[in-house]
Amino acid sequence: MRSISTLAAYEGLILLAGFFGIVFWRLLTGRIGLNQLLEGDIRDPKSAEGYSTQPSAGRAQSLVITAFAALYYLLQVIHNPKGFPKLPNGLIEALAGSQVVYLGGKAQAMLLGRWRDMLK
Amino acid sequence: MKNPELSVSVILTVVLSFVIAIGVKGDPTTKVKLALSYGALILLFLFGFLILAAIASGKIDISMLLSESGGGASMSRFQLLIFTFVIALSFFLIVISSSKLPDVPPDVLALLGISAATYGVSKGIQAGGGLQSKSGTSGNANLPAGSGSPSGNQPTPGTSGSPNVPTAP
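If you're matching them up, the sequences are chains U and G in order.
Our numbering puts the first residue of the first sequence at 31, with every later residue one more than the last.
Our numbering puts the first residue of the second sequence at 1412, with every later residue one more than the last.
Check each hint, because a few of them may be wrong.
Among chain G residues calculated to face chain U with C-beta under 10 angstroms, some are [stated by the list, open to error]:
no., residue
1, T1424
2, G1434
3, D1438
4, T1440
5, S1485
6, F1496
7, V1497
Computed far set for chain U versus chain G, every beta-carbon distance over 10 angstroms [unchecked claim]:
no., residue
8, L58
9, P75
10, A87
Treat the hints as calculated values from the structure; they're not laboratory data.
C-beta atoms are modelled at their ideal positions from N, C-alpha and C, and glycine is treated no differently.
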């Protein structure tokens, strides 16, 4: 039965590596667009579309926290691959807080102006 | 036949399972078990490989994987992609090293849940803000600008890499 588990491991490796490889290659070559990843939409009555884009601090901090959490988790697994590692509560709270900040900024940029227009 | 690759995969699997069942030594029960196990593995691999090949050849278009309705890349989609990859890779490494399926702790669910919830709330905010696609199409907000085919998910015959437009939930 060992050969079956070995075969399954190789199959998993090939498929996972293939999916990761294709996505990362397309990200690197720009075929999956990352344009405006750090720019958020904001209401702009002067624009023809009603919105314009601006650099977003909320997106930038979200990217940093996400990259940190992902790297931390991956390093923990690589150091001890016997089970899923325990994440510190602080990191989960930081991640959740970062998302709240990002979503709060987005809601403020997109919804407040609209509500303000309605109340006029 | 719409997907000959699928039929070829199934036929190949049946043939290989039959060869394994005849080739291995042991009692009939063991032979059947081995043939079914190898058959399932080969079939899963071939199906996965078909999807992989379709993505690589452009038959399945993933160019809008990270795009959001208003144009540009979506931070919440990007985050969900990163965490999905990290958890998948971790799961694979753990299964390889311990040779058993691990228990999934709440931390993993929290990581995926936070990013999935962010994505959902973000879509809600966009819908609430009335954000339209920058290409000006209102019915299919994920259609890339200038793609010229607002009619849905069907690729246009004869155009390589024509968008199989993903439908955002």
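Cross-check of the supplied hints:
{"no.": "1", "hint": "T1424", "in the structure": "13 angstroms, violated"}
{"no.": "2", "hint": "G1434", "in the structure": "13 angstroms, violated"}
{"no.": "3", "hint": "D1438", "in the structure": "15 angstroms, violated"}
{"no.": "4", "hint": "T1440", "in the structure": "14 angstroms, violated"}
{"no.": "5", "hint": "S1485", "in the structure": "8 angstroms, holds"}
{"no.": "6", "hint": "F1496", "in the structure": "6 angstroms, holds"}
{"no.": "7", "hint": "V1497", "in the structure": "5 angstroms, holds"}
{"no.": "8", "hint": "L58", "in the structure": "13 angstroms, holds"}
{"no.": "9", "hint": "P75", "in the structure": "13 angstroms, holds"}
{"no.": "10", "hint": "A87", "in the structure": "12 angstroms, holds"}
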